[in-house]
Each structure stands twice: as structure tokens, then as C-alpha cells.
Amino acid sequence: MSEAQKDFEPKIVGFLCNWCAYAGADLAGVSRIQYPPNIRIIRVMCSGRIDPAFILEALKNGADGVLVAGCHLPSDCHYLSGNFKALRRVMLLKKVLKELGIEPERVRLEWVSASEGDKFAAVVRDMVEQIKKLGPNPLKMEETEGKQP
Amino acid sequence: MESNPPKIVCFMCNWAFCEEEMHVPYNVNIVRVMCVGRMDPALVLETFANGADGVMLAGCKPPDCHFVDGNLHSERAVKMLKKLLVLTGLGAERVKLLLVSPMEDKGFGYYAKEFSEEIWNLGDCPLKKAELASTIKANIDAAKNAASAFRLRVLLGREEELTEFMNAYGEKISEEEFDALLDEIVEAEFIRYKIYHLTKAKPCSVKELAETMGIKPSAVLRHITNMRRKGMIALDRVEGYTPLYKALEVR
Amino acid sequence: MAEGKVGAVLVVGGGVAGIQAALDLADSGFKVYMVDQSPSIGGVMAQLDKTFPTNDCSMCILAPKLVAAGRHPNISLITNSEVLGLSGEVGNFEVKVRKRSRYINEEKCNGCGLCAQKCPVEAIDTYNKGLTDRSAVYVEFPQAVPLKFKIDREKCIGCRTCQEVCKANAVEYDQKDSEIVLNVGSIILAPGFEPFDARLKSEYGYGRYQNVVTSIEFERILSASGPYAGIVLRPSDGEIPRKIAFVQCVGSRDAQLGNNYCSAACCMYSIKEAIIAKEHVPTKLDCTILYMDIRAYGKEFDAYYKRAQEEYGIRFVRSRVASITEDPATGNLLVHYVGEDETPRIEEFDMVVLSTGMQPPKNVEKLAETLGIKLNKYRFCQTNIFTPLETSKPGVYVCGAFSSPKDIPESVAQASAAAAKAMAIIAPERGKLISVKEYPTEKDVSQEEPRIGVFICHCGINIGGIVNVPEVVEYAKKLPNVVYAEDNLYTCSDDTQKRIREKIEEYKLNRVVVASCTPRTHEPLFRETVREAGLNSYLFEMANIRDQCSWVHMHEPKEATEKAKDLVRSVVAKARLLKPLKNPTVNVTPVGLVIGGGVSGMTAALELANQGFEVHLVEREKELGGHLRKIYYLLEGEDPQKHLQRLVKAVMKNNRIHVYLGAEVTEVSGFVGNFKAKIRLSNGEEKQIEHGIVIVATGAVEYKPKEYLYGEDPRVVTQHELEEKIAKGEFNAEKVVMIQCVGARNEERPNCARICCGQAIKNALKIKELNPDTEVYVLYKDVRSYGFKEEYYREAAAKGVLFINYSDERKPKVKNEGGKLKVAFWEPVLKQEVQMEPDLIVLSAATIPNPDNKHIAEMLKVPLTKDGFFLEAHMKLRPVDFQTDGVFLCGMAHSPKFIEESISQACAAAARAATILSKKALEMEGIVASVDEDLCSGCRICEYLCPYGAIEMLEKEGKTVAHVIEALCKGCGVCGTACPTKAITLGHFTNEEILAQVRAILKEMEVATA
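Protein chains in written order, with the numbering used here: chain A, 1 to 149; chain B, 150 to 400; chain C, 401 to 1410.
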């Protein structure tokens, strides 16, 4: 492992649905459950709102990982079935990622309920570790390499 | 009975004894402090960890105190310290608070000798017994943390106010009631830090912890629930039917 | 005291029932005072982990209701309080209430929780049922509403630490109890229940053996936010159990204890707990439920019970548990029970869960005395079959578990029903006591360059203690379009709201960003503030730098500060693009349409009329009454025909109700507030009506059995036919065999028909009344006489009715042997087959869906269950709503039910409808989808995906385009994500806004690390 990789602190963007996952992340806070500060959360109303384009944009802009989190299947979704839509979209996106040369593991879909503060923190912890092993986003590497004279 | 005289450390108030007149037995080391009230229980515990067989705290007898009531404060601190010493396995007798008035006939040498003998009679410091050393050492660490815990420091700091004057509701808390509460909290904090240290060394199960510490597993579990609430501990993994816990790094 | 009637209602009890009643009343234009003795609302439901039969997370579905009740402008929460006295009369009561001291000033406390963190004293955590501890200054649970701390005076030593750390100066040790007087028109009682004290059943060892826990304790053990973080552990040693027993009916169905009733929910919650336990335990876990009868009588419950057996392998043992002892060496428990074959057995388990029943709260006698209402012999509130919501005192209504043990959806339905009753008697006072806020005219900022103001909160030291707030402020100032930034000790405090308004003026701000806690609780407050300053409330955005930053990175202040900057930058990037949104309004036609003229339909129509609304009641038959016409007597003794006559008369002479007999609704179009329906009248003419809501009350029908020689042999009849025979004096059999579950609980219809056990017991008792010597045998699978009906089961057994269990493997056999009617069945105690020659075989035929349901469902675009009953919006919390706004259901159209349950649901549907009909116009949430018609290709993907049917396709200028019915859109954004041409977008969460957030969040991180 190179020096740079050892100090590598991944940047993770999280898209969280308002009703379950975002509430779960809030509960982690209220319960003071600590997790690494690598994640930045963007709130959407429903995981079904999360466009694969958002995830790609995040990866293009240098995110090393993207977390999509919504309400548990099958029936926790505040909007009936948005979580199923998220599931389908993320599954499809993962296939595309492979072709783009991005490890599909960089994108993770999780179901987190409003009472699972612990789980949310564990997911972030786990994801940070996993992405540390993967190393930086290859798109970013290409970009910097390309810039070098 | 051991052959070497016990090592005694005495933390002595700057104003307590007149230095020239003092006979200090050779096994007693004196550390001057400005006031016994300043003595942090954690410091005394550290002294034991470093090999002292007994610790004396010498200060002025009330109502005299250069800092108004440092000596009174030290009485309370020693009360707590003794509780912690019992929990560590060292025993309450290894610490002594000596508050003397300037009028006192007996010199320091007298008291030092008396304490020396008491410690001598107690026998070997358990810390020196190979089979106990590591446990006691760990206990002292836990006791040190406990003594520095915010809850205990707050209680100690407020004892006088609460038991001698009045609390926020204009009531006085009886000495007994306060002592009982203090006992409970001292023990809880000690056990929790003990669990903390044990699970920091390696992930442990409730049963293992209970066995190591000689307390009921149900009590250990309850402490763990409270430690989780305070962010001290987390589940590490489950082995078979047994969850193992680990201390959380950052505190 | 005010003269005349008062447009306010007191709700006693803040559990899910109280909350529902309060919300329905407040949404219909009445002022509500909600008094609860706990420091926060939520009741028992807040302690549950999951809910049956959908396994929804309890807190996930409850928390939005808590928040809604907490910030409803028409609801005053009076927590930590109790009712002391009542005077006045219906329509105008005066209620004296004692507010017990919290020792914390509710106005000042902002719930930051620092006090609890610093408090040196621990107390037993009652929310977690004593399985762990909390501090002496506390909130019951993190999502508590109101989020106001309270000092546990029993435990507090008065050390003043909390006072010193509280930056809001909220701690007041000298706060005294106070008394207030409320003037209300009506009262709803929803004090709920408390679990039976398992210590009283000493033979089960609760309190002595650590691994014997109650079901509520087990809920906390299962909960991810509970003491064991959702891992099932034995309290004695922290090991994961391998074998758990659930002992049913602890404190219920127990004549010795005098609790001769069934607690109605325990069978289901135990099945749920067993399922969830198995899901939570990573290793193999055996769950055994020791029961007398499994009473899975509710909608879809039997399917759940079946899944528990087949998918989860949960073992069900019909038995009676005699005692439990402990093996002190292992902490394991030896359960001594008697199985079906009467053989005593002993089985070892690692853990035992006692399914404790419901009983009225302790102080209920005092409450009853204070209010002057009657209790029944079990101390539940006294009600009658035809008036299930009325207490013995006019103007005082009851709902939830206080009137009889019941589960959540029934409590919720009753709550809405009680709200209907409570508002009907003060209907003319609607809207008189609620506050209508006046706002300044909205500024048009659409042409202005964004001018953003950023307010960053220290939250005492909750944020400021970790994140370097001044540094973030300086950073924010440098962000593009930010013209002002400042930090506040508490951005949510009243004086800061004033400051924000001033700064909006002073700096001509047209966007506001607050970086503080979570928008889930605080966004509405700040939106209100910017609205008060003349800005559109959607020109506001929040960054969560506490719950998702300072609190979770407490030991990394530097990183937390950087993260806070990133979050602020991202939100500012979004704020730059924010557009004002309008809250769309739709006018409401204050008229109801009720389909079905049975007891439910008539009751719903009457309730609506009583509230002052015009109603069209459409009945397919030539006469009103439906199912009730065939019911001649009741278990409880009341005369159903008399009630029917009264009801029909009341409906017919009410001039607000238009009754159409022999008529049918053929078409319904439009949406909430604005429906149009076509009715085909009996004379063949068609009538068009306009209405604001629809209530579906189409009832159900009796199954015509194909089994057991029914239709072939006249001596085989259904329970209804028997009832008719008895009523007409044609009954003369000497030996009767009843067979339960005919056409229910089988492959074709897996669910229970709920009412047949009650019917069988009723008819059996009637037979015994006519002739005590008539032999009556009831062949059953489970006797499901839940609630107070248990008493009659016992009475029947005492009068010699023999109840004999049969299983699917050994169904009874009926044959005609040379003219002799014979029935053969397995006798489980004798362990042999018995043959009988009864004079009459009575089949308890299931109640099955009305065959019309399918057509009505299609017409209204509402779903049906697999069984063919109507499917409500949410099985737990929205029992009488459909997912489609403005359409409601009640009675047997929902599922089989007893009369009192149908009446409750009918009133509930009326109350829910009133929340719409009472408004001139409905104001909708502004975050809705909109279509750019130029881009729309008319592909219909969005129409297909929208779960709410909020998208319709219109023909415009020769082109098919999507159109959003704003009144129906809930703002999930699923449509926008799927739209191939990006023609449809969700306001406030547009692609541009989210992408700007994504870019901003990542951009500077690179700069920082470079």
C-alpha cells in the first residue's frame, strides 16, 4: 500500500430518504453513536427520488462511495413503494458501473429504519473501511493523472 | 511477615508540620503539597500503582486550614478513596488521613511510625503478589478512571453543600443517604471502567467479564447497557450464542 | 364560563388513540387540549418494536403523528398533568387540570439534552421497562414530543449540575404544580391500558427469575433502540437464547384473578414477537407459543399466523401452563404445562416471555369518579353495543383500550369515531376557537439575484462544543451569494426568530439557510419564520450539523468542523436555486357520498349529517339495513331490530340525507374535494351529483357452504338460518352440532371470519335458554371470543355447551346414512372418533366479501386484499382511509366485524371525511411534481409509477401530455426520477438542486485535501 493510500480518507455521499434512513441517521446522533466523519448526507423525500444520475454525478465529482438508504422492504416506505424503485435503479446502475470501470461496491443500498441509529452508524463504519480497501475512486485518479504533464 | 519495612508515601500539607522538628522514618517519603484538599484520589491511586504500600495524607486539623476548608474536602475525598481501595483489593487501611493541630504534642515521627506498623501488620501489599499483581494493577487503573469520572467529581464537589447546607430544593440530604448514593456510584463507575479496560484489551462476553470480576452476569449486562448509552462500549461480534463487546476507542 | 357551546374538546390520554382523535378534531376546525400524565405523548405504541401483521417499525409510523400533534396550531399539549375536576354540562364543560412540575421551564427548554448527559444520578429507565437506567433529568425517548426534559424528583439530589450546564436557563427547581381550567364543549377519554402486573401470577416466577420477562419488556429487548440494541439477550447472563417460550393469557381469561375477558391483542403480538426474535437472532432460535386458543381474528391475521408456522417454524402448543421454575445453575426455566391430551409435561427453555394482558390504568377509578362516568366490572369504561363511543355521561366519549382491550387499528378507528361524536355536538362552533394566522404579503423575489443569509446554531454546546462555529460562520460568509452569516446560541429560540426576521429586512435576504439540528423537527418552525418576514416559506433550507455531525463525531472536532462547512456549502448551493412554491389549494364541495345503506353506511351518513354536511346515501337493495336485518338478538342482550328501526327512521327523516334505494353508483370521477358521481336510480334514470368525499360501506355477505351436505339435507343450516328459526319459533331440535370455520381458515380463504365464534356462542346460549336439556356441541379450531365476549364463552361452557377442538387433519365428517344425519369427529381427550346423530347441524359459515367489491374498487381506483375485502391505506394507523385522498371505508367492506365495531368504523370514516368537508378549500403541501409540457413525450411512465394516481394524461393541442393533480401528489418524486425526457420534476428537490448539492459537497473537499 502506498503512502497516499494509507492516509486515504474516502469521501462518501449519502442520499437518504426523509422518513426512515434520515431519521435513523438522526437517531444515531441523538444516541451519540460515533462513526467516521467521511459521509456527507443529502436528504431527499423518498429513496425512489434518487436518480442514478445523482449517483453518477457524485462519482464523477470524486466521491469514493455513495450510500443510498431508504425504508425497509416491503412495506415501510412512506410512499408505498419508492424503496422498490430505488432497489431496481441501484441494481441496474451497479451493472453500468462495472462497464465504466468503477467497482460496483462503491455504491451501496441499505434499508435503515427510524429506530436503527446503530445500524446506520455500523453501515457508515463498514462502508468507510470497505472503501479504504478499494482505494480512491478510479475516475478521480484518471483525472489527476491526465492533468499531469 | 515480610522482612523489608513497608514503603510509605506521605503527601503533606505545606502548613501542617514544622519541617525542622520532624523525625521522618527512612521508609517514609514525604511529598509536600500546598494543601491536602488538593489531593486528587487518582494521584493516590497512582502512588499505589508505583509501589507504595501505604499512603498518608497529612494536613491541618479543622478549624485550621490555610485554604479555609481544604482539609474538610480531603476528608470527603479520602472517604471515596477508601471505597475505591476496597474495590481494587488493596484495602481501605492502606490510606490514612492525618489531620493534626499545630498544638499537637506528638510529632510527625510518632504518627509515621504508627502508620508504618499498621501497614506492616497488614502484610504484603497484594500488588506485590505475583498471582494478584495484574488484577490489582488493572483495578487501580479502573479506580483511577472512576475517581476522575465527571459524576463522582460533581458529587464530591457538592457533598458539603448538599449534606451540610441545602440542595436546590432547599432540603438537606442526610449523610447516610449521600454515602449510600456515593457508594453505589463509586462501585458502578469502578465496574464500568473495569469492563472498559477488559474489553479494550480484547472483546469479552458478559460471562467472561462476570467471572473475571467476580460479580453477577446480570449486573455486568446492566452496566453494559449503561455504557452503551454513554458511548463507552459496543458490540464487537457474536460467537455462537455469545455476544462479545469491545470498548470504543475514542472517549 | 363562556355562554352557550364551546368549540373546543378535551382529549384525556396521549397514546395513539388520543393523538388520532386530537388530529381529527384539530383538522376539522376545533381547538383541542390533550392532557397526558406522562411527560411526553405516544403511549404504549412508542415502546413497541414492530407492529403486526405488516412488521412495520412502530416508531417509524408513529413519530410523524407525534410531530404532527406536537406542532398543530390547534392542539395544546398539556403533558405531565391530570384531570382534577369537571363541572358544567355537555357543550360547555369546565375542566380543572393539575400540571405537575417538571422543574424545567417548558418554554425555555429546547431539548438539547446536555443536562441529561451531565447529570450524576441514574434512575431506572421506565421507558425501557427497567432493563437499563437513565439520568435523573430525562426525556422518555429520543423522539419524545414535546421534547422537553423533566426532572425525576424522586431521584434528583438537587446538586444543581443541570442548572449550571443549561445554556437556556430552563432549570427551575422551585417550579410548583399548577392548576389550570379548560373550557371545552366535549371530552374524549383515551387513557389506554396498562399491562397486567405479572407478579400477581406468582406461579410464573416473574420478578424472581430474571429470564422470565413480560411482553412489553421483550418489545424493548427486540428494539434496535432498546437496552440490548436489538439483540435478543437473556437478562441473567447476556447470552442469546436458543429456546424461548411465550406463555399466553397471563392476566387474561383468568377467572381466578377475576379477569374473565380476553385481551384481544396478545396472540398476535406474541406471534409477531416470535417472528421478530427469529429475525434478530443470527443463530438458530426455537420459539414456542403455549396457548389456549390462537385468536388471530383480525384482517389478514390468520395468514400471518400461518406464515409464522410455515415460514418461520414457530411451534404452537395448545396447553395450559401450570407453573414455571428455574434451574438456578443455568438460569434456564422449566415450564410445567398440560397439553391437549391432559398429560402434564415439563419442558426446559432459556427464556420465557409472559404475554401480559391489558387492564385499565391504575388511576382510572379516580378519573371515572371525577368525570362521573360508569365503569364495568373489570374497571373498563361502560359502553353499549349500539353506542360504543358514549360513556354514561353525555358529552363524554371514549375510545381505545379503555372501552375494551383492543389492538392499534381498532383504537385508531375508535379514536376517529369518538372525534366524530365529540365534534357533532358542538358542530356550530366549528372554527370559532382556532387561531388563523395572518401573514404579510409575499415578496416577489423571482427577479432578484439570490441574497442568502446563513444562521449557524451552537445549540448550547451541543454543536459549538465540537464544531468551531465561528470558523464555519466566517467560511459561510465567503460562499457565493451569501450576504450575511451569524452564529446563535440557539437558532430555534424565540428571540432568534425575531433576529432572523430583522436580518431578512436589513440585508434584503431572499434565501435563508439555518445550520443546526434536523429539518425533520425544525424545518416547519423556520419556514414559518421566513414566511412571517414576507418570504415564500420554501426559500429556506437547513443543514444538519448536530444530529449528523457534532453528535456523531464528538472526538474529531477538526473533521467535524470541516464536515459542517461542507454541509453548509452544499445547502447554500441548493438555496441559490430555490424557487418559491405555492401551496396549491382545491375547493371543497361540502357534500358526502355514502355507498351502502347497512348499519355502517347509515351510521356514517347520520354522523356526517349531524355535523352539518349534506349526504347522498345509495343502497342497492330496496330497503335500508343490510346485514343487520338478519340479526334478531345479540349476545349482550340488546335488541338489534329496534336499533335498526330507530336508525332507519333517523336517516329517513334527516333532511340533510338524500336516500336512494334500489340505486347504484355507476361512475365516480374527480378527486378529493371535487368528485362527481353518477347514480342509476331505481326508476332507471341517472342522477349526477357533486361531492367532496366518498365513504364505501358496501358490507359483506354470508358464505353459502358447499361442505357438510349443506343444501342437500335440510337439517344442515347456517348460523343465520338457525337464528331465523329460533327467532320465528321454529327451532325444536334436541341435539345440535355446530361446526366452526366453514369457508374460512382454509386454502381458498386463509383468514378468519371473526364473528362466527360469537354467533355460535350466541345461538348456543339461546338454545340453552329455550331448553336447557338440548345438547349442543361446538366443533371448533380455536374459540375466538375476544374481548368481553369471553364471558359468554365461559357461560356457554358452564351451561353445558360442549366445545370440542378439531384440526385440519381431522375435520368432522357429515353424512346421511339412510336418512339419519350423522357426524363423526375426533375427540382429542378421549383420543378416539365419536359418532353422533344430531337433529340439526349448524355451519358457522364465513362472512365473505361482497361480490360487488371488485367493480366498486375499479370505479374508485382503490385496492382490494387478496381475499377481496377493501384494502385500507395503512393496516395500523389509517384503518378507514384509502390511499386515495377523500375516499374512506367502514364496516364489513373492510373485513367481517361485529355491530359495535362497524358503528365505530362508520363514525371514524365520518370524522376522517369531516377533516376535508369542514374546509372551504384544502391547502396542499407545496412540494409537488410539475410537468414541462414541451418536454413531455406522453409516454405514460409517470402515470404508471405514481402510487397515488396523481398523474393523468391530457390531450393538449393534439398532443398527449402528463398532468399532475396537485391535490393528490404527495411529493415523493418517483415520477421525476423515471421520466425519460426530464419533463416532470418535483419542486424543492429538482435535479438541478440535488446535483448542485452533490457538486458542492464534493468540490471543496478536494481543495481541502490537496
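Read the hints as simulated data drawn from the structure, not as lab findings.
Being a predicted model, the structure only gives us computed values, none of them experimental.
We treat Cβ as the ideally placed atom computed from N, Cα and C, and that holds for glycine.
Among these hints, one or two may not hold up.
If you want the footprint, here are the derived chain A segments under chain C, 3+ residues with CB under 8 angstroms [to be verified]:
#1 12-22
#2 26-34
#3 37-51
#4 65-77
#5 81-93
#6 111-118
Simulated crosslink set (SDA-like; lysine to any residue; CA at most 20 angstroms straight-line) [stated by the list, open to error]:
#7 LYS518(C) / ASN375(B)
#8 LYS1222(C) / LYS1266(C)
#9 LYS678(C) / GLU388(B)
#10 LYS555(C) / GLU195(B)
#11 LYS379(B) / LYS518(C)
#12 LYS1266(C) / ALA53(A)
#13 LYS1128(C) / VAL1117(C)
#14 LYS1382(C) / PRO52(A)
#15 LYS518(C) / VAL303(B)
#16 LYS231(B) / GLU280(B)
#17 LYS365(B) / PRO728(C)
#18 LYS518(C) / GLU388(B)
#19 LYS555(C) / LEU330(B)
#20 LYS958(C) / ARG32(A)
#21 LYS958(C) / ARG125(A)
Label-pair ranges, simulated between beta-carbon atoms [stated by the list, open to error]:
#22 GLU403(C) / PHE299(B): 35 to 41 angstroms
#23 GLY658(C) / GLU333(B): 38 to 44 angstroms
#24 ALA368(B) / ARG553(C): 22 to 28 angstroms
#25 GLU333(B) / LEU1202(C): 38 to 44 angstroms
#26 ALA282(B) / VAL738(C): 56 to 62 angstroms
#27 GLU105(A) / LYS379(B): 55 to 61 angstroms
#28 LYS379(B) / VAL1229(C): 42 to 48 angstroms
#29 GLY607(C) / PHE299(B): 31 to 37 angstroms
#30 ARG553(C) / GLY200(B): 56 to 62 angstroms
Each hint tested on the structure:
Only residues whose C-beta sits within less than 8 angstroms of a C-beta in chain C count toward coverage, and the segment 12-22 of chain A has 5 of them, enough to reach three; the restraint holds. For the segment 26-34 of chain A, the stated coverage by chain C holds: 9 residues have a C-beta nearer than 8 angstroms to a C-beta of that chain, and at least 3 were required. Beta-carbon proximity to chain C at under 8 angstroms applies to 12 residues in the segment 37-51 of chain A; the threshold of 3 is reached and the given coverage holds. For the segment 65-77 of chain A, the stated coverage by chain C holds: 4 residues have a C-beta nearer than 8 angstroms to a C-beta of that chain, and at least 3 were required.
With 4 residues bearing a CB less than 8 angstroms from a CB of chain C, the segment 81-93 of chain A meets the requirement of three and the coverage assertion stands. With 6 residues carrying a beta carbon less than 8 angstroms from a beta carbon of chain C, the segment 111-118 of chain A meets the three-residue requirement, and the given coverage holds. Restraint check: the Cα-Cα separation between LYS518(C) and ASN375(B) comes to about 14 angstroms, which is no more than 20 angstroms; the hinted pair holds. At roughly 35 angstroms between alpha-carbon atoms, LYS1222(C) and LYS1266(C) are farther apart than 20 angstroms, so this suggested pair is violated.
About 17 angstroms separates the Cα atoms of LYS678(C) and GLU388(B), which keeps this hinted pair within 20 angstroms; it holds. With a CA separation close to 33 angstroms, the supplied pair LYS555(C) and GLU195(B) exceeds the 20 angstroms bound. For the hint pairing LYS379(B) with LYS518(C), the CA-to-CA distance comes to about 11 angstroms; that is within 20 angstroms, so the pair holds. Distance hint between LYS1266(C) and ALA53(A) is unfulfilled; the C-alpha atoms sit about 37 angstroms from each other, more than 20 angstroms.
For the given pair, LYS1128(C) sits about 15 angstroms from VAL1117(C) by alpha-carbon distance, which is consistent with the 20 angstroms threshold. A threshold of 20 angstroms between alpha carbons decides the hint, and for LYS1382(C) with PRO52(A) the separation of about 13 angstroms falls inside it, so the pair holds. Under the criterion of a C-alpha separation no larger than 20 angstroms, the hint pairing LYS518(C) with VAL303(B) is consistent with the structure, at around 9 angstroms. Pair hint LYS231(B) plus GLU280(B) does not hold up; C-alpha atoms about 23 angstroms apart against a cutoff of 20 angstroms.
Between the alpha carbons of LYS365(B) and PRO728(C) the distance comes to roughly 13 angstroms, so the proposed pair stays at or under 20 angstroms and holds. Pair hint LYS518(C) plus GLU388(B) does not hold up; C-alpha atoms about 35 angstroms apart against a cutoff of 20 angstroms. Distance check on the hinted pair: LYS555(C) and LEU330(B) sit about 10 angstroms apart at the alpha-carbon level, within 20 angstroms; holds. A hinted pair counts as satisfied when its Cα atoms are at most 20 angstroms apart, and LYS958(C) with ARG32(A) qualifies at roughly 18 angstroms.
At most 20 angstroms may separate the alpha-carbon atoms for a hinted pair to count; LYS958(C) and ARG125(A) meet this at roughly 19 angstroms. Evaluation of the 35 to 41 angstroms hint for GLU403(C) and PHE299(B) yields a failure: the beta carbon distance comes to about 58 angstroms. Look at GLY658(C) against GLU333(B): about 40 angstroms separates their beta carbons, and that is inside 38 to 44 angstroms. Our hint of 22 to 28 angstroms for ALA368(B) and ARG553(C) holds, since their Cβ atoms are close to 27 angstroms apart.
Roughly 59 angstroms separates the CB atoms of GLU333(B) and LEU1202(C), a value that falls outside the hinted 38 to 44 angstroms. Taking 56 to 62 angstroms as the suggested C-beta distance range, the pair ALA282(B) and VAL738(C) conforms, at roughly 58 angstroms. Look at GLU105(A) against LYS379(B): about 34 angstroms separates their beta carbons, and that is not inside 55 to 61 angstroms. Taking 42 to 48 angstroms as the suggested C-beta distance range, the pair LYS379(B) and VAL1229(C) does not conform, at roughly 57 angstroms.
Checked against the hint of 31 to 37 angstroms, the C-beta distance between GLY607(C) and PHE299(B) comes to roughly 34 angstroms, which is consistent with it. Between ARG553(C) and GLY200(B), the C-beta spacing of about 48 angstroms breaks the proposed range 56 to 62 angstroms.
Checked against the numbered hints listed earlier, the structure breaks hints 8, 10, 12, 16, 18, 22, 25, 27, 28 and 30; every other hint is satisfied.
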